[in-house]
Amino acid sequence: MGDDFKWPYFFNYPPYFTLQPVKDTRDKQIQLWKELILKYCKHNKIFFIHLEDDIPLFFNASIDRKLTYEARQLFVGALVSEGRAEWMDKAHRKCLVHWRKVQDWAEVILQFARDNGMEDGVMTIDEIRLGDETRGTDLAGIDKVVLIRALKLLEQRGKVAMFKGKSEDDEGVKFSAQL
Amino acid sequence: MRRRPGVAGLQSEAVLRGQYKALGENVARIRMDLMKDQLSTFRNQLEDFARKHKNDIKKNPVFRAQFHSMCATCGVDPLASNKGFWAELLGIGDFYYELGVQIVDICLATRSHNGGLIDLGELCSLLSKKRRALREPISEDDCRRAISKLEILGSGFEVFTIGKKKMVRSVPTELNKDHNHILEIAQARGYVTIEDVENELNWPSGRAVDSLELLLKEGLAMVDDGHSDGKRRYWFPCIGSMSSDAIDAESEYNL
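Residue numbers (my numbering), protein chains in the order written: chain Y, 1 to 179; chain Z, 1 to 255.
Be aware that one or more of the hints could be misleading.
Unchecked claim - Below, a sample of chain Z positions facing chain Y; criterion: calculated Cβ distance under 7 Å:
(1) S112
(2) M222
(3) D225
(4) W235
No lab work stands behind these hints, which were simulated from the structure alone. Because the structure is a prediction, the values reported are computed rather than measured. C-beta: ideal position from N, C-alpha, C; glycine also.
Extracted from the complex, chain Y is given alone in its bound form (with noise of 0.2 Å):
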């Protein structure tokens, strides 16, 4: 994963990793960090980072370079003050990244439906997420929680209704008839 991701200018460039004094160019930096992170999630489908694991994204060995924890802390801090990312426990440890939110997630479960006449269909959560129909496509390997909160999202709007089964595996949706 990740191999033929583009890194960004700054990315090799020793001082990024430093969080500047100057005003200015820390906005700048934070501001570069912050679409970064972004871009790095979405390209590789990463949905939760660990802010104490040294991922490739807070880590440059061609240069020697890594973030400080610190640094970590306030880069991801100014994509939840955005609502681009939200922290998953009171240390601020874990976030969870929106690198698409969840409305728009909801409108790709809705083209994915409608693309594959899915009106008044039934799918399991599980088969959204790791099944053959959505194999190839943005769903594939969706986070279960973001995916349980778009399609509740498209519940509010009528357009599906979820279930649950007898198992936690048989939880689903029904799409409406009128997508």
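Assemble the complex: chain Y is given as a structure, and chain Z must be docked to it using the hints.
Quick look at chain Z alone, frame taken from chain Y:
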């Protein structure tokens, strides 16, 4: 011959002086006319030349630079006005105004990255990239001419030399000698440490720190504390070829 005394002698001397003067004026006038003649011939020929080599002037940057220096020798400035023969014939005024506008664009686009200081070569290659579709190569000479037109606007555009490099400044920051020295040292690796500056220039420690602090504040430098030796490095984005990538990034980074 024995000089005759008396009024007649004085009178003839005055007449003689008058004649000399008239002759002198005559010679001067003839010379002047000749010069004017030559100059106008030269001008005509220059215009003929320009007309004949219009395409070369437009397409070939080396030729264009030589043409400019030829014009300068005989006191013709094809850029002086956008009206008149030169502009009509070559559209050369428009050409440089256009370059000027594009240079301002580039400087603004890269300012947040490099603090308003950019290498002339770098600027030139960005400009060529921007004008790729036009297929008219641009030389550094063209860049400098266009920038010299911008200087007139008093917008703080200026070309200056640091070490071996020509830099273009697009912010009104006044850099003093100390800053220039630091930038010069940084050209070797793209960064300096406080130690580098002190050793290289034999400065007391306060002086280096003060200068570096100002460069930081102006957005011309960035700190880097990530090296394993623990020494703080001061990087200068205006040195090196980061700017062109920065522009690419800005155009493609719209999530």
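Okay, the hints, checked on the actual structure:
no.: 1; hint: S112; verdict: holds (5 Å)
no.: 2; hint: M222; verdict: holds (4 Å)
no.: 3; hint: D225; verdict: holds (5 Å)
no.: 4; hint: W235; verdict: holds (5 Å)
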